[in-house]
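Number of protein chains: 2
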Amino acid sequence: MKKHNFSAGPSILPQEVLKKASEAVLNFNNLDLSLIEISHRSADFVAVMKKAQELVLDLLDLKDKGYSVLFLSGGASTEFIMVPYNLMKTDGKAAYLDTGAWSSKAIKEAKLFGEVDVVASSKDKNYNFIPSLYTIPSDANYFHCTSNNTIYGTQIKDFPETDVPMVCDMSSDIFSRKLDFSKFDVIYAGAQKNMGPAGTTLVVVKDRILGETGRKIPSMLDYQIQISKDSMFNTPPVFPVYVSMLTLQWLKDMGGIEAIEKINNKKAQMLYDEIDRNPLFIGTAAKEDRSNMNVTFLLADDSKKEAFDKMWNEAGISGLKGHRSVGGYRASIYNAMPVESVQVLVDVMKKLAE
Amino acid sequence: MKKHNFSAGPSILPQEVLKKASEAVLNFNNLDLSLIEISHRSADFVAVMKKAQELVLDLLDLKDKGYSVLFLSGGASTEFIMVPYNLMKTDGKAAYLDTGAWSSKAIKEAKLFGEVDVVASSKDKNYNFIPSLYTIPSDANYFHCTSNNTIYGTQIKDFPETDVPMVCDMSSDIFSRKLDFSKFDVIYAGAQKNMGPAGTTLVVVKDRILGETGRKIPSMLDYQIQISKDSMFNTPPVFPVYVSMLTLQWLKDMGGIEAIEKINNKKAQMLYDEIDRNPLFIGTAAKEDRSNMNVTFLLADDSKKEAFDKMWNEAGISGLKGHRSVGGYRASIYNAMPVESVQVLVDVMKKLAE
Numbered sequence: 004m005k006k007h008n009f010s011a012g013p014s015i016l017p018q019e020v021l022k023k024a025s026e027a028v029l030n031f032n033n034l035d036l037s038l039i040e041i042s043h044r045s046a047d048f049v050a051v052m053k054k055a056q057e058l059v060l061d062l063l064d065l066k067d068k069g070y071s072v073l074f075l076s077g078g079a080s081t082e083f084i085m086v087p088y089n090l091m092k093t094d095g096k097a098a099y100l101d102t103g104a105w106s107s108k109a110i111k112e113a114k115l116f117g118e119v120d121v122v123a124s125s126k127d128k129n130y131n132f133i134p135s136l137y138t139i140p141s142d143a144n145y146f147h148c149t150s151n152n153t154i155y156g157t158q159i160k161d162f163p164e165t166d167v168p169m170v171c172d173m174s175s176d177i178f179s180r181k182l183d184f185s186k187f188d189v190i191y192a193g194a195q196k197n198m199g200p201a202g203t204t205l206v207v208v209k210d211r212i213l214g215e216t217g218r219k220i221p222s223m224l225d226y227q228i229q230i231s232k233d234s235m236f237n238t239p240p241v242f243p244v245y246v247s248m249l250t251l252q253w254l255k256d257m258g259g260i261e262a263i264e265k266i267n268n269k270k271a272q273m274l275y276d277e278i279d280r281n282p283l284f285i286g287t288a289a290k291e292d293r294s295n296m297n298v299t300f301l302l303a304d305d306s307k308k309e310a311f312d313k314m315w316n317e318a319g320i321s322g323l324k325g326h327r328s329v330g331g332y333r334a335s336i337y338n339a340m341p342v343e344s345v346q347v348l349v350d351v352m353k354k355l356a357e
Numbered sequence: 004m005k006k007h008n009f010s011a012g013p014s015i016l017p018q019e020v021l022k023k024a025s026e027a028v029l030n031f032n033n034l035d036l037s038l039i040e041i042s043h044r045s046a047d048f049v050a051v052m053k054k055a056q057e058l059v060l061d062l063l064d065l066k067d068k069g070y071s072v073l074f075l076s077g078g079a080s081t082e083f084i085m086v087p088y089n090l091m092k093t094d095g096k097a098a099y100l101d102t103g104a105w106s107s108k109a110i111k112e113a114k115l116f117g118e119v120d121v122v123a124s125s126k127d128k129n130y131n132f133i134p135s136l137y138t139i140p141s142d143a144n145y146f147h148c149t150s151n152n153t154i155y156g157t158q159i160k161d162f163p164e165t166d167v168p169m170v171c172d173m174s175s176d177i178f179s180r181k182l183d184f185s186k187f188d189v190i191y192a193g194a195q196k197n198m199g200p201a202g203t204t205l206v207v208v209k210d211r212i213l214g215e216t217g218r219k220i221p222s223m224l225d226y227q228i229q230i231s232k233d234s235m236f237n238t239p240p241v242f243p244v245y246v247s248m249l250t251l252q253w254l255k256d257m258g259g260i261e262a263i264e265k266i267n268n269k270k271a272q273m274l275y276d277e278i279d280r281n282p283l284f285i286g287t288a289a290k291e292d293r294s295n296m297n298v299t300f301l302l303a304d305d306s307k308k309e310a311f312d313k314m315w316n317e318a319g320i321s322g323l324k325g326h327r328s329v330g331g332y333r334a335s336i337y338n339a340m341p342v343e344s345v346q347v348l349v350d351v352m353k354k355l356a357e
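In order, the protein sequence lines correspond to chains V and A.
In this text, residue positions in the first sequence follow my numbering: the first is 4, and each later residue adds one.
In this text, residue positions in the second sequence follow my numbering: the first is 4, and each later residue adds one.
Do not rely on the hints blindly, as some may be mistaken.
The list treats identical chains as interchangeable, and a pair is accepted whether it falls inside one copy or across any two copies.
[As the list claims (entries may be wrong)] Straight-line distance between alpha carbons at most 27 Å, and here's what the computed BS3-like set of lysine-lysine pairs gives:
hint, residue 1, residue 2
1, LYS114, LYS307
2, LYS219, LYS126
3, LYS269, LYS255
4, LYS114, LYS92
5, LYS54, LYS6
6, LYS23, LYS111
7, LYS5, LYS114
8, LYS126, LYS66
9, LYS128, LYS290
10, LYS290, LYS53
In short, the hints are calculated from the structure, not lab data.
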């Protein structure tokens, strides 16, 4: 029996993608060679990289709008360093919105490079909402935010209007909903939620904002060098990039972001409706800021824990445990999660209340 | 027909490793979940990481000798930055031996951090030998060298005796030959030659040399932080780490480095003997510095090129083209390359001469 995988990340991927990936490890493109034992400069892999980059621009509706697409390694945590290296002037400053553990880590790294203005934070409420009243200083070199907070189950619904370049860590909700992506100057995302396996990081960057800081940037951390080498300054993470390409192609074939957003909204609605209806459960995030990717909730009565855990385990559900800093449960319902799996969880929640 | 894969990297991996890796992408450890869709903090993956680290210490004979093992991402090129960040004092200097394109890139990055003393270089001979007469300044914070030069087919046979901490990029020959690895303070290696697929980098570091530079180090680039988090400061490259673990286990089961070194010596000898015997071929590297991993050679008479290329292609050989900066051919004969495949190439070379 295939599990209902609610893991927060690395997380569920489409079955057909896993099948193709598994085959490619044995024999890629009928080359009689494994995907992971051919040169990254071979025509077959260069085509994979190119296709992945095209799919990103296509899905985000950023074609011919002056953006470059990179598939790097090091995870989003390395972007916490690359962003200030590439965008913060040597005597400049940056503005950050603090909406959770990952924002907070990004802020910590940026402070190594210069002044950081934390424009707002929801830390004193354990990040259970998204601050909405704040001002971005017009002299900031950039404004950084985190679109979705996996741990706390919150998501930015409205992004600020600002003339300051906008950088967004979209690791946990990229490709899940329609946005005007051209409002952003840098978008980055670790692959391991909606895009692929752990091991590659997507960076989409507006070319014209680069090269302005006056800093000496180590080559591996320099967006301009990575762009000039088409993400192959050094050997890229071949397998993660390939699986990301397959997942992006799967999404495109499904009808793209518009189509998946409808399904995502439906899945989230099913769970939030049950949380709000069922007296045994309490949602942890402010209603207006609830994430459509990570649904966090507590049991109203902890004595039901054993029974609930037994029931969902028996139903074939995995990865439902909440993050230690919030407790309770977290249902991560990324793009690849079928409606049917969400229904299984809702049914268990209903049954517990009976 | 399975190809004879002489690719310089990413490169050949053992068939049984590819088979297990392919299976794990569909169903890992009978969890009814893919390896790439489970949490990196799950017991199943934590065990993979632990096993991989243990195998490294075991194979390199570094158990209980004060070393930590890291599986990072970003490739060896990121180590070009991490090494000076972690070892070069703010007012210090480092000594580098320049034996090829990769040494030269390492030097370039180190110069962003402070003074770099290039103790010797074979650049004016297109890196066709390993310099042996040089002095390592005793006040250097560390000495950096590259053990094997894939492009030029050279390999350091004797490492210097020095009191200066020794750092070695062993990307292309780690686990291929017995060395006293305890002579080194930092060993690093991109996985994609003898260890696994592209996407993870092995770092073996002597704990007591860290924390001495006075630099503020970004978290992702700080060996001490990575050690304290057991290579899971952020989500590690799960698939590349898993396949590396499988490959290290395969090597251990074969009898470890001692056993593979005998086979590697035999394979190299077969090719070098043929190059030296056959008037149609010319080796490019100085004999005493010839690599046992990458055998580089030219045709004595370029008019034979078409015939030779046709013959090895027809024999099922792939990846034999030399790097553009040397030309000719490069047979990469890493650990996973069977003696039989080398024999196929030798036979083609013999046949060309007939």
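Do the hints match the structure? See the list:
1. LYS114 with LYS307: For LYS114 and LYS307, the Cα distance exceeds 27 Å both inside one copy (44 Å) and across copies (61 Å).
2. LYS219 with LYS126: So LYS219 and LYS126 pass the 27 Å test across copies only (26 Å; inside, 34 Å).
3. LYS269 with LYS255: within (19 Å within a copy, 51 Å between copies)
4. LYS114 with LYS92: both (13 Å within a copy, 21 Å between copies)
5. LYS54 with LYS6: The answer is between: 26 Å across copies meets 27 Å, while 31 Å in one copy does not.
6. LYS23 with LYS111: Intra 40 Å, inter 40 Å, cutoff 27 Å: neither.
7. LYS5 with LYS114: Intra 45 Å, inter 53 Å, cutoff 27 Å: neither.
8. LYS126 with LYS66: So LYS126 and LYS66 fail the 27 Å test inside a copy (37 Å) and across (43 Å) alike.
9. LYS128 with LYS290: within (14 Å within a copy, 69 Å between copies)
10. LYS290 with LYS53: neither (40 Å within a copy, 41 Å between copies)
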